[in-house]
Amino acid sequence: MNSARWLLVWIAAAVITLAGWGAFEAIWRGQGYKPTVMDSFDLWSQHRARAVKPAPPLRIALLGASRIQYGLSPAVFRDEAHKLGLSVDPIMLAVNGHYPLAALRDLANDPKFTGLAVIGIDSRGMDPKVWEMQAKHIAHYHHDWSPSREVHRRLLTRVQEYAIAARPDFAAATLVKRWFDDQGPPYKEYVTFERDRSGGTDYVKSDLAAIRGARVADLKKYYPLYTPPTPDTWLDGMREVVRWVEKINARGGKVVFYREPVSDEHYHLDEANFPRASYWDRLAAIMPARMVDFQDYPELNIPTPDTSHIDIKDIDRHTRGFVHVLRKQGAL
Amino acid sequence: MTFDSLTFAVFLAMVFPAYLLLRSWPARKNLLLVASCVFYGSWNPFFLILLAFTTVFDWWAAQRIHGATTEAARRRWFWASVLASLSLLGYFKYAQFFANTAIEWLALVGVAYKPIDLGIVLPLGISFYTFESISYIVDVYKKRITPTKSLRDYGLFMTFFPHLVAGPIMRFGDFNAQATTPRTVTADAVALGAFMLVGGLFLKIVGADQVFAPIADIVFAPDYKAGFVAAWAGAFSFSMQVYCDFAGYSLAALGIAKMFGFHLPPNFEAPFASVGIAELWTRWHISLSNWLRDYVFNPLGHYRKGRLRGYLNVMITFTACGFWHGAAWHFVVWGAMHGAFLVGERLLKDFVGEWKVWDAKPVRWLLALLTFALFSWAVVYFRAPTIPVAWDRTLAMFGFAAKDAATLAWNGDAKVFVIALLTGLAVQGWLKSRKGWDWVPQMAWPLRVLLLALMMLAIILAPGKSNAFIYFQF
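Chains A and B are the protein sequences, given in the same order. In terms of the numbering used here, the first sequence has 329 at position 329, counting the first letter as 1, and numbering is strictly consecutive. Position in the second sequence counted from 1, then plus 332, gives you the numbering used here.
Think of the hints as simulated: they come from the structure by calculation, not from any bench. Owing to the predicted nature of the structure, the values given are computational and were not obtained by experimental measurement. Do not rely on the hints blindly, as some may be mistaken.
Examples of chain B residues toward chain A, derived with CB under 10 Å [unchecked claim]:
id : residue
1  : S337
2  : V342
3  : P377
4  : T516
5  : D520
6  : L524
7  : V538
8  : L789
Straight-line Cα separation of at most 20 Å, EDC-like style, residue types lysine to aspartate or glutamate; simulated pairs [as the list claims (entries may be wrong)]:
id : chain 1 : residue 1 : chain 2 : residue 2
9  : B       : K681      : B       : E611
10 : A       : K221      : A       : E271
11 : B       : K735      : B       : D555
12 : B       : K693      : B       : E611
13 : A       : K328      : A       : D182
14 : B       : K425      : B       : D449
15 : A       : K136      : B       : D682
16 : A       : K53       : A       : D42
17 : B       : K747      : A       : D42
18 : B       : K747      : A       : D169
19 : B       : K425      : A       : D144
20 : B       : K688      : B       : E677
21 : B       : K425      : B       : E436
22 : A       : K112      : A       : D79
23 : B       : K475      : B       : D485
24 : A       : K136      : B       : E611
25 : B       : K747      : A       : D181
26 : A       : K136      : A       : D110
All residues carry an ideal CB built from backbone N, CA and C; glycine is no exception.
Model the full structure from these sequences, guided by the hints.
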């Protein structure tokens, strides 16, 4: 009798829970919100683990920050390389807002990495002051990543692809707090994010003028507060990076530094603080790696609506163009 | 894998039906042993090797103690086992701390050494299973129990996955009585166990991570300058966070064990409804306080050797308790504060005596709130990353905040925290007279449905930063 009551309790509770969850999803979807994969240290580590799997296919670690993450598609990369008769596995390890040199050092120090490292970066991102921005990701991979975390993350990714309820900005507690603070519903993102850790900026869904204005204003505020190292000091610091690249080369791997497209005020501010001739070109002379500057390749000179990132509709063109540049450079 | 991970959901969904399908009790125990090893090894297989070593060595040493023909031999094996367990704990948990402390002390006398990183990774649950293995050896040595000849049963006692990583700290005698008698899995027990599992996850995922952690994270950030209100809010918030985190873990552990037909000792019973710190320690981390009483406080002499010696024993026991929690001075201070509170309470009772006024309900409520406040003051030293940060928050709590100290914004975070704090304390008051979880099946079934559905829905709608269980670091 008691057991039957318990069964009833569990069934009724499950039905109410599922109905409540379903209603939650329907309400938010009705307002135009969608589920999305959320980035995390675990997701980064899951992909980092792929970078040291044995070839073939050739493992290609795509390092960088948002411009690589929202500018190259691993799936399109694989497809274009396949058309060229190449078997490759592009792995997105870029982290939005975090310069990547710590990740390059980590790959250089990992004897299992024998693939191609593509580093999306500009001269500012090579200043030793910002080398450690991805250090927490690397520490997580080496110290906390485990088989149980991998299973959890793979399942969580599936849930996130289908459930708005899996988005932290839609957590019940967060929504209640927003309601108390009179903040209205969560912000509608114009940035997409996929399970392969690539994403895209869909400027059709955004107030482009506001985003562009804010980005330029931030950069205008940033540069006067930041004193760039002199070219000689900067180049001296890069000698350590040269040693990392040599380590990868010695194992049969390759390294490509890629300065991704930027435009207008962003380009001019970068050039004013880190003139190409004084920094990038001098580095190219000593770095045992391919150095690709978007300005030198028409197929890479793609518009950046907010001055710093290409639009989602251009990712395909950009990725395919980049594959051909790598091929021409002998990196593929 | 942690109880709040999807990996654990898959693990349980595989192990539990397999357990039910097996008919023979030895086969079921074999399954639980293998499953527990998988559970633990999924963090780091090296940890499993260490656990296996401790388990086999202590099992073997217990046989030697039992079989020894002379008292000297018994004592030799006893100390060999205890020292082996303590050495492993000392190396993995305290070596870095002692190295750092030595460097700091040498610096005080002008000898400069560079800080060294020993690169030691703390094996999960080592503090818990070390205490379990020591209790086994002590009980065998004291002839309270007979050692088991079954390595499988002893291995299961040490590794049984619901309690392996963060307790409750079990005694072999209690576990072995269950391991040697086939467990019956009843539908009622499974239903109640699953209910407790959901309740535990609710406390952890919703209470600890979503409601209380945000305020504590703000107030205990090293650079934050806390004012009076902010410091108390941070202290109350962390008290509730650590309760929801650890009591949630323990409740889930009890529930999972119940599903498999096992009974684990309760670890939390409405501690924040306690009147006095002495009562609180009979309701907070009960399995640890019982262990400390039986294996530290009583062997030290309890109060039998006089009042002063008794107070000293209390201080030693609780300072050790703090050190057991973490290899850092702020944990030692936390433990010592609890020792001091207990001594103070004992002094009041010894010298002031029992006052009738203390039994009046409003006075008891006030005393319960005072107890919660004292606990929260001490917990500042548990949560703060360093003693200077804890001292700064203490000054703020007693009205000596910096002039430019921050006032906690009265925003959504704060409002949710206050509502949850008041609700949490009221629920603790309601739970105080209820022992265990037998009250759950006695609830009207529509209420059970509502409570269960609300908890499950709240868990589903609580994604976000998943904090590690606080006690996993110990």
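Hints versus structure:
For S337 (chain B), the interface hint holds, since its Cβ comes within 10 Å of a Cβ in chain A; the closest pair sits about 4 Å apart. Contact between V342 (chain B) and chain A, as hinted, is supported at the beta carbon level, the nearest pair being about 7 Å apart and thus within 10 Å. Of the supplied interface hints, the one on P377 (chain B) holds, with its beta-carbon coming within about 9 Å of a beta-carbon of chain A, less than 10 Å. Violation of the interface hint for T516 (chain B) is found here, the shortest Cβ-Cβ separation to chain A being roughly 13 Å, above the 10 Å cut-off.
For the restraint placing D520 (chain B) at the interface with chain A, the shortest Cβ-Cβ distance is roughly 6 Å, inside the 10 Å limit, so the hint holds. Because the closest C-beta pair between L524 (chain B) and chain A is about 8 Å apart, less than 10 Å, the hint holds. Taking 10 Å as the C-beta contact cut-off toward chain A, the hint placing V538 (chain B) at the interface holds, the least distance being around 7 Å. Look at L789 (chain B): its Cβ gets to within about 5 Å of chain A, closer than 10 Å, so that hint holds up.
About 13 Å separates the Cα atoms of K681 (chain B) and E611 (chain B), which keeps this hinted pair within 20 Å; it holds. Simply put, K221 (chain A) and E271 (chain A) have alpha-carbon atoms about 16 Å apart, close enough for the 20 Å limit, and the pair holds. Restraint check for K735 (chain B) and D555 (chain B): the C-alpha separation of about 15 Å stays at or below 20 Å, so the hint holds. Simply put, K693 (chain B) and E611 (chain B) have alpha-carbon atoms about 16 Å apart, close enough for the 20 Å limit, and the pair holds.
A distance of roughly 55 Å separates the Cα atoms of K328 (chain A) and D182 (chain A); the hinted pair therefore is violated under the 20 Å criterion. Between K425 (chain B) and D449 (chain B), the direct Cα distance comes to roughly 13 Å. Compliance with the 20 Å bound is thereby established for this hinted pair. Note on K136 (chain A) and D682 (chain B): the hinted pairing is violated, with a Cα-Cα distance of about 54 Å set against a maximum of 20 Å. At most 20 Å may separate the alpha-carbon atoms for a hinted pair to count; K53 (chain A) and D42 (chain A) meet this at roughly 17 Å.
Of the supplied pair hints, the one linking K747 (chain B) and D42 (chain A) is violated, its CA atoms being roughly 32 Å apart against a limit of 20 Å. Between K747 (chain B) and D169 (chain A), the direct Cα distance comes to roughly 18 Å. Compliance with the 20 Å bound is thereby established for this hinted pair. Simply put, K425 (chain B) and D144 (chain A) have alpha-carbon atoms about 17 Å apart, close enough for the 20 Å limit, and the pair holds. For the suggested pair K688 (chain B) and E677 (chain B), the alpha carbons sit about 16 Å apart, so the restraint of at most 20 Å is met.
Restraint check for K425 (chain B) and E436 (chain B): the C-alpha separation of about 18 Å stays at or below 20 Å, so the hint holds. Distance restraint check for K112 (chain A) and D79 (chain A): the Cα-Cα separation of roughly 25 Å exceeds the 20 Å cut-off, and the hinted pair is therefore not satisfied. Among the hinted pairs, K475 (chain B) with D485 (chain B) is consistent with the structure: their alpha-carbon atoms are about 19 Å apart, no more than 20 Å. Taken as a hint, the K136 (chain A) and E611 (chain B) pair is broken in the structure, with Cα atoms around 42 Å apart against an allowance of 20 Å.
With a C-alpha separation of about 10 Å, the suggested pair K747 (chain B) and D181 (chain A) falls inside the 20 Å cut-off, and the hint holds. As the CA atoms of K136 (chain A) and D110 (chain A) are separated by approximately 17 Å, the hinted pair is consistent with the 20 Å bound.
Violated hints for the displayed structure, listed by number in ascending order: 4, 13, 15, 17, 22, 24.
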